[in-house]
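Trainee: Each chain, written out:
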Amino acid sequence: MQTSVQLPTDPALQYLLRIGDTCLILGQRLGEWCGHAPILEEDIALTNMALDLIGQARGVLTLAGQRCAPVLDEDQLAFLRDERDYRNPTLAELPRSDFAFTVLRNAMLSTWLKLLWERLRDSRDAELAGIAGKALKEARYHQQHAADWVVRLGDGTEESRRRSEAALAMLWPYAAELFDDDAVDAAAEAGGMGPARSSLREPWLAEMAEILGEVHLPMPKESGFRSTGSRGVHSEHMGYILAEMQYLQRAYPGGAW
Amino acid sequence: MVNATAEATRIERAWAALDAVPDPEVPALSVRDLGIVRDVLDHGDGIEVVLTPTYSGCPATEVIEQSVLDAMHDAGLGPARVTMRRAPAWSTDWMSEDGKRKLREYGIAPPGPVAADGARPVRIVGRRAELVPCPRCASPRTERLSAFGSTACKALYRCLACAEPFEYFKPI
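First to last, the protein sequences are chains W and Z. Under my numbering, the first residue of the first sequence is numbered 936, with each subsequent residue one higher. Under my numbering, the first residue of the second sequence is numbered 1445, with each subsequent residue one higher.
Bound conformation, chain W alone (with noise of 0.2 angstroms):
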């Protein structure tokens, strides 16, 4: 059994390992449906996304794993360490669900990474800059995407509507962790690596406020409950996702083809 590797406590590899994290968790989520989409079209879609996610992915953890010392490469990241140490906020992890579900969860993070790579593009990291400059085109188209489907679900059959209205139930207490501040934030934004979260909550709840507005679907009120992911306290389901991603590693280490 290969074992877990061992990370620092860094702030700055903590937020790189936010962004590279949600990344490479929605891109295996939206990786899920290949095989299992509605139509055609939309296998092909998610999948696509899926790729754009996990490149972007790539050259995160990259830059993530020269903050380690040894330092440790992408693969390494993405498939040998614990729970504990991914840091994606809780809403890229949750099951699929349905296809309302899924495409609910693209608008909300896509306009989430949308805004954030936006920002990184001044990031005084310039490494980090260049991918927000590549990484912001992908989700421009992946935003665009998602919000069509949001539009044309919430505004199709009853049935649809009824799940669209499911879907922002359920996803909605998510999204107040993708902006709450800490002192990896407070770091970030000191050292001009990139933006506190928080910044990004009122651009983040006017897109969506277009989105779900042109269908009428109300947007929940804010609740008291909070979402831990980024700070390494998972859902129940993060344990499942891990365990398909990390098989082949743990049981054939250094496994490649």
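I should point out that these hints are in silico values taken from the structure, not numbers from a laboratory. Take every hint as true, because none was put in to throw you off.
Only some residues are given here: those of chain W computed to face chain Z with a beta carbon under 10 angstroms: (1) G994; (2) I1066; (3) K1072.
All figures in this text were calculated on a predicted structure; none of them were measured in a lab. Ideal Cβ placement from N, Cα and C applies to all residues, glycine included.
Keeping the supplied structure of chain W fixed, place chain Z upon it in accordance with the hints.
Mentor: Chain Z alone, transformed into the frame defined by chain W:
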């Protein structure tokens, strides 16, 4: 010491060799047509080819790297190395006019110009799909079937005039 004329010639030969390296996903285009070769440098002890990736997750990147190294070797310019430069990010605006023509002839609608700053605001109300003329019959009466196609860089369209489905290279 490297002779200045000889050096220019080596760089010119390298560029010429890159003309023959196809994009594995769209073999009608060379890597130069695609606009991903950012620079060619001669360090005296070897040629350095600077590439930029098209999409973050493009699976063709590694194949392209190897093809470039092979092309340099075959042109007698080895040892060569490839470095990747991410910034500024690749844009379809860097595709050559010749490349766009080759794409059209291959049956893929070439990308239109990227909007200023590439910004694509979410526009739900009154959004019109881009006007993409059919690469076969040139009719402007086409419709989008899917925003994503066989590769991340393309969308699926159909011509309403000649009824042919075709791919559109998305501006990015």
